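There are 4 protein chains.
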Amino acid sequence: MEKQFDLITVGRACIDLNAVEYNRPMEDTMTFAKYVGGSPVNIAIGTSKLGMKVGFIGKVSNDQHGRFIKKYMADVGINTDHTIFDQEGHTSGMVFTEIKSPQECSILMYRENVADLYLRPEEIQEDYIKKTKKILISGTALAGSPSREAVFQVVKYARKHNVEILFELDYRYPTWKSDAETSIYYSLMAEMADVVIGTRDEFDKLENKQGENNETVAYLFQYRPKLIVIKHGVKGSYAYTKDGQIIDGKVYKSNVLKTFGAGDSYASAFLYALSHGKSIEVALKFGAAAAAIVVSKHSSSEAMPTVAAIEALIKEQDK
Amino acid sequence: MEKQFDLITVGRACIDLNAVEYNRPMEDTMTFAKYVGGSPVNIAIGTSKLGMKVGFIGKVSNDQHGRFIKKYMADVGINTDHTIFDQEGHTSGMVFTEIKSPQECSILMYRENVADLYLRPEEIQEDYIKKTKKILISGTALAGSPSREAVFQVVKYARKHNVEILFELDYRYPTWKSDAETSIYYSLMAEMADVVIGTRDEFDKLENKQGENNETVAYLFQYRPKLIVIKHGVKGSYAYTKDGQIIDGKVYKSNVLKTFGAGDSYASAFLYALSHGKSIEVALKFGAAAAAIVVSKHSSSEAMPTVAAIEALIKEQDK
Amino acid sequence: MEKQFDLITVGRACIDLNAVEYNRPMEDTMTFAKYVGGSPVNIAIGTSKLGMKVGFIGKVSNDQHGRFIKKYMADVGINTDHTIFDQEGHTSGMVFTEIKSPQECSILMYRENVADLYLRPEEIQEDYIKKTKKILISGTALAGSPSREAVFQVVKYARKHNVEILFELDYRYPTWKSDAETSIYYSLMAEMADVVIGTRDEFDKLENKQGENNETVAYLFQYRPKLIVIKHGVKGSYAYTKDGQIIDGKVYKSNVLKTFGAGDSYASAFLYALSHGKSIEVALKFGAAAAAIVVSKHSSSEAMPTVAAIEALIKEQDK
Amino acid sequence: MEKQFDLITVGRACIDLNAVEYNRPMEDTMTFAKYVGGSPVNIAIGTSKLGMKVGFIGKVSNDQHGRFIKKYMADVGINTDHTIFDQEGHTSGMVFTEIKSPQECSILMYRENVADLYLRPEEIQEDYIKKTKKILISGTALAGSPSREAVFQVVKYARKHNVEILFELDYRYPTWKSDAETSIYYSLMAEMADVVIGTRDEFDKLENKQGENNETVAYLFQYRPKLIVIKHGVKGSYAYTKDGQIIDGKVYKSNVLKTFGAGDSYASAFLYALSHGKSIEVALKFGAAAAAIVVSKHSSSEAMPTVAAIEALIKEQDK
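Chains as they are written, first to last, in the numbering used here: chain U, 1 to 319; chain S, 1 to 319; chain B, 1 to 319; chain D, 1 to 319.
If you are wondering where the hints come from, they were derived from the structure by calculation, not from laboratory data. Bear in mind the structure is a predicted one, so any value in this text is a computation, not a measurement. Treat the hints with caution; some may be incorrect.
If chains are identical, the list can't say which one is meant, so a pair holds when it fits in one copy or spans any two.
[As the list claims (entries may be wrong)] Distance condition first, Cα-Cα at most 35 Å in a straight line; then the derived DSBU-like pairs of lysine-lysine:
#	residue 1	residue 2
1	K226	K100
2	K53	K209
3	K253	K160
4	K3	K209
5	K177	K100
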């Protein structure tokens, strides 16, 4: 039976307020441009722009910001039937970006009682989960209850219906209580996923120690994962398969404006390539190329590139 | 003995994010301009611009937003020795303005675990309070603990040192738990104040019923207040004195852009006039003129007018 | 018009679990006897036993313990029409007593999310307040919200209907957040009361310093109080009146079993005497005699003496 | 290498206050006898009395009740090196028993901010876990954070060191937020355990539906469990093994006083028998016999029988 969706992403949806005037501290930025943000939203947007059939499960504030987020996603073709409006007065998270220089980017996250962490397990619909080929869990959704339980409910349905489970670690500091807590839920989740993607720093959070790739993948391959991607920033990335392959992914040159959004565009293009039957090696190139494009643009969500742009960059730089 | 300050204001400090593109719903506003906000901050700025010696007691977030707020106030001449940085990770409140039309303005307040409500009674310095002639309590500071207790601590010291206590009701919905709670603390506070200023709607919150001016002032004049100002929006305002005077304040014409900030500029100019020995009648004109000027401008804090501008408008329109 | 009640008490109702085997640490006590407890409940029971018409305003847990408390009070003649069952799953506070020796008594209070602190201002009925001559506020009811606001609502109605307000400080450590908080609400409440009763230690909490009686009463007589009773344990007590009288109250000898309950029996008999037109001097004797009787008995609530027993002890020891 | 412990139990420790006068509603019970309680404590006591080497991991209140609990356990030979005193003011849970008749027993649990739910993952010592042959997780420890994370930390260390993991469901209503939450953590935990023991009602909580044994075990045998025991009260119990055996366990006659404590004595004797190389069939008899003895006695913890008493009852009733 044909599935309705290629991918459903699950988790955080927020408002990005990006410094309009940059190369200065945020205290001196007087104007901010509003974008939709949050890793699983960005990946939904990125994969949707690449032509995939995508849905989003999450909870947004029942106000102008939440309505903007939901409408924006619907406008780029994402199915928002399970993008729920919060009914208890919770807010949309805010991410203010500070771009002091291309090398010094930071974000200021406001995540007090944000709607996305109030998604409840009772709100997850088995019927919706079974309509998709893949589901992507974004790690921040595990940072608090009841969203954490909602994620485990998604996983339960996904396993029941043989939906492939992708886990994007997406570690965001301000909502976790302790490193011990992060490690516990990241490892519980990773052990149940088919594919795990994250930076080396994020895998360190998963293991609650400064780890090492070979040890990390040896641990996880005892459980369900069959593909693990570990990103090392400007040094490239590595993909590991359960049957022992190690594929070394390079990076592409870019005229860097800021570093935000690289991970989400990477994940989007990587998933697109895998879903279209490309090899892991090519998928890593797609990820790296998409990241190179996004870091040269002002936003994270709007800058998600097209397949043509990605292929052009690969062709250009692989020469 | 000469006092160091004419006025110290106490309470909420926040970030205003004002729609740059307006006459549309906020969902369609894509750029926001950042200003310092919060009623007692605006009144501190307003009175400081009018030449008064002013201090501010409050707590701001220990991040880029909090630093911006404190620096902005210091730059306009406000004493910020008791503007404290929060050390527990609380945030700055956000006020997003929506200007659909001059008649349809609304605000979206994000006030989850905001730093201003975490000012503690132990942080109030008796020495600072005794250096001022007047203290202005802004009602929102009573909306939660421990800020509520900090306000009562301020009042205790102010009474001890014969500092005049002004109470600006400044009712802001999202932080109060119930109307009963608002009414209880508004009336406790009003009974201990020398001057009470608010809109008719705010006095209704104080009384927890749709009240009527004569009854309101009869109730409050049993206690400490000697001057009560009740504002009726475009219909003007009334000042009542304990010895039975009723002064009818008019409004001035304005090319209205938005309605935000009218109350704070009104209070600033009214207090300035009283502090300079003008009659209540003239003080009401000052308030009304300042409000007329601010509603024609984009911001609340930056638009606070000068004495010359206020006097010019009065002269012009009183002809 | 004849009032239905002589006294309504307001505040904490709990379960006392008194060590059956005593003169040992609680770890070695294996059996506990159950009694109704809480200062305002004990005073309601005490005054009711002395023949006064008494009501109780408070909230009890909706379980076996709460039902026991309400039924016990009703059985001794207290009006419990406004003794409300909690509907949100809160519990009854527990007080375990430890009697190591008559000189070494301590209590272990369990007061996590107790029902009595969840009385809401909206639940206070103006009609009920206006039916009583006196109302007694017990200080612990000010320790948390919304009970704190419910107390202020009671006071508002009492002032409106000229009901005499008695404030029994009843300081109980575990529910207050800080000494500054206690001092703020104790002084706000005391300034609005007609009669204030407490130990010297409790007045120190009110003033947030080690105070001295003359200074304490000078401060409070600036406001509404007309009678202040300060108790000094085994050294006796002093009553101060606004017109300058100081009455020195003695203590009576007793075969002390434990020290719990002395304050509540003191307050009960003192109020009884005042309500029956006796002089302050005689009322102090009544209080001291009732305390002497209760400390020789095992419980606080059941041991409340009769008028005859009090008068007998006074006659005996005043010889 | 010889392990120091046969069993370490993990979870809730509390105070049981058992009605001294029974066959009446609790409102009419005026005396309570104090015992140590909590399922994993009772199982530690039960197995220790049966001669096993036992430790207990948990957190108790830093007061007379917590000290009583820890001392009582140490006195019956349990290792309490990792029975930690809470340092944040949390209390000991209270369980009041009501015995209206042998058929109508109920409990009233007070579990607001109880110390046992504040055990933190950072407090779990890998060295301690690796010293035991078996670890028993009691389900209530999963009901809240950070205790829930502490349990997952225990499991992580146990899996690393090949310690057998037993999961006793022990469902206790008042601490869970929703049935969905219970089901999620019960199933996550059960999938990682070697042995799962519970009543049919508790397995229904695990599955969040009225389930059926064959389906339950089919689900769980997909994961790690190799032995599942489902108890049906007076109708007996069933043990299921991964290799397809079903063993039908009978019940023994008893002069029932109350039904409390049956499950913990059952688990204790069952584990003892398995640990001593007896067949599952005999272990089920041990469990049933121990339960029959405990329900005829007043307490849960003190009544745990000896091996001789268990064997005598089996011999007597199996004739």
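Which of the stated hints cannot be reconciled with the structure, identified by number in ascending sequence?
1, 3
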